[in-house]
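For the record, the sequence lines run as chains Y and B.
Note that our numbering has the first sequence beginning at 1, numbered continuously upward.
Note that our numbering has the second sequence beginning at 115, numbered continuously upward.
Any given hint might turn out to be false.
No farther apart than 35 angstroms at their CA atoms in a straight line, the calculated lysine-lysine pairs in the DSBU-like style are these [stated by the list, open to error]:
1) K40(Y) with K113(Y)
2) K40(Y) with K316(B)
3) K126(B) with K79(Y)
4) K79(Y) with K202(B)
5) K202(B) with K113(Y)
6) K202(B) with K64(Y)
7) K79(Y) with K130(B)
8) K103(Y) with K64(Y)
9) K126(B) with K202(B)
10) K126(B) with K40(Y)
Just so you know, these hints were derived from the structure itself, not from any lab.
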Amino acid sequence: MHELSIAMSIVDMAQEEAERRNLQVDAVHLELGALSGVVKEALLFSYGVACDGTLLEGSRLVVKDVPIEVFCPTCNVPKTLTSMQWFHCPDCGAATSEILHGKELVITALELKQ
Amino acid sequence: MTTEPRLLEVRKNVLKQNDVLARALRDRFRAQNTSVISLVSSPGAGKTTLLERTLTLLRERYRIAALVGDLATENDAQRLARSGVPVKQIVTGTVCHLEAAMVERALDGWDVGQLDLLFVENVGNLVCPASYDLGEDLRLVMLSVTEGEDKPLKYPTIFNSADAAVITKCDLAAAVDFDERAALANIQAVRPGMPVFLLSAKSGEGIDNYLEFLTRRLHRRRSDAADENIAPAEVH
Chain Y
1 MHELSIAMSI VDMAQEEAER RNLQVDAVHL ELGALSGVVK EALLFSYGVA
51 CDGTLLEGSR LVVKDVPIEV FCPTCNVPKT LTSMQWFHCP DCGAATSEIL
101 HGKELVITAL ELKQ
Chain B
115 MTTEPRLLEV RKNVLKQNDV LARALRDRFR AQNTSVISLV SSPGAGKTTL
165 LERTLTLLRE RYRIAALVGD LATENDAQRL ARSGVPVKQI VTGTVCHLEA
215 AMVERALDGW DVGQLDLLFV ENVGNLVCPA SYDLGEDLRL VMLSVTEGED
265 KPLKYPTIFN SADAAVITKC DLAAAVDFDE RAALANIQAV RPGMPVFLLS
315 AKSGEGIDNY LEFLTRRLHR RRSDAADENI APAEVH
């Protein structure tokens with residue numbers, strides 16, 4: 001359960017940005033990869049706790065799930081995996097461990113109060 | 115009238131602080147020619163027992179030290195110290211994983227450049243350590259035969275963050291009906307091509323292959339580093 005410390009990092013980074021630009025933040029947008037090692041539900045719960053008493057109190061965390069994309073050495077193109085338990089090309093079945101996407105844990109945007 | 119939300123685009127890696135520090139540690143270890151190997155597993159898979167054996171078997175040939183992370187107690191450091199190599203305990207308190215900053219702090223006062231090998235034993239946990247790079251060259255994920263063959267399928271993220279797998283407690287395999295073929299297939303399903311070592315730190319079975327893998331990697335890295343050092347001379 002390291003989601004609380006991740007949530008606190010998200011709040012710190014967003015707050016720093018908000019203070020620097022003098023903004024009021026309504027929501028933080030986050031890309032969350034399936035291989036990031038972070039559980040979305042636990043993160044959403046922790047986010048509310050982490051926001052308490054900060055400039056972001058009352059703001060939302062909007063999570064965009066990022067699926068695992070690998071490079072298939074046989075098809076020679078990126079492919080999206082349908083299962084985390086099978087690192088093989090969904091089309092030709094070739095094994096691959098070259099991960100292109102899925103480890104993201106990235107703040108992509110701040111949604112500002114209207 | 116609905117208004118579009120006002121979005122300010124930013125792109126910030128949440129773990130950047132850890133990643134930057136881990137990269138700096140990796141650069142430092144490389145420059146000092148120190149090979150760093152970390153161990154991750156669930157609690158009770160046998161990290162400390164394997165590490166104790168590893169330190170004892172390698173200490174004559176290499177200059178070694180170890181860091182060991184736990185939520186509480188110095189028990190593991192005391193066990194590992196019996197091997198006679200320098201050991202430092204990292205007590206994380208409530209934190210369920212090691213972070214690069216903890217490794218950096220623990221190294222304070224040690225002359226890392228004097229080491230050939232540094233082992234870092236993570237907190238027993240198959241979830242959280244996956245997110246944190248520690249600056250290691252090699253991450254070993256361990257699974258004991260008593261845990262069930264489907265551990266890799268249940269924790270694909272940690273297996274994907276590791277470079278090699280070690281199946282421990284093989285002396286108990288028959289007693290718990292361990293299905294070796296299924297375990298190996300599951301590891302290859304989530305991490306194709308991953309090297310796997312089956313061993314028992316207690317009986318010593320399989321230890322030689324695993325030690326050879328570690329030391330071969332160390333020597334290969336050394337020769338790569340030597341080549342890199344020669345490279346600029348060849349340019350002129």
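Hints versus structure:
For a cut-off of 35 angstroms, the pair hint linking K40(Y) to K113(Y) stands: about 24 angstroms separates their Cα positions. Between K40(Y) and K316(B) the alpha-carbon distance is near 40 angstroms, which puts this suggested pair outside the 35 angstroms criterion. For the suggested pair K126(B) and K79(Y), the alpha carbons sit about 25 angstroms apart, so the restraint of at most 35 angstroms is met. Pair hint K79(Y) plus K202(B) does not hold up; C-alpha atoms about 44 angstroms apart against a cutoff of 35 angstroms.
Under the criterion of a C-alpha separation no larger than 35 angstroms, the hint pairing K202(B) with K113(Y) is inconsistent with the structure, at around 49 angstroms. Annotation: proposed proximity of K202(B) to K64(Y) is violated, straight-line Cα distance about 40 angstroms (limit 35 angstroms). At roughly 27 angstroms between alpha-carbon atoms, K79(Y) and K130(B) fall within 35 angstroms of each other, so this suggested pair holds. A C-alpha spacing of about 13 angstroms is found between K103(Y) and K64(Y), which places the hinted pair at or below 35 angstroms, so the restraint holds.
The straight-line distance between the Cα atoms of K126(B) and K202(B) is roughly 34 angstroms, inside the 35 angstroms bound, and the hint therefore holds. Distance check on the hinted pair: K126(B) and K40(Y) sit about 18 angstroms apart at the alpha-carbon level, within 35 angstroms; holds.
Of the hints listed earlier, those the structure fails to meet are numbers 2, 4, 5, 6, in rising order.
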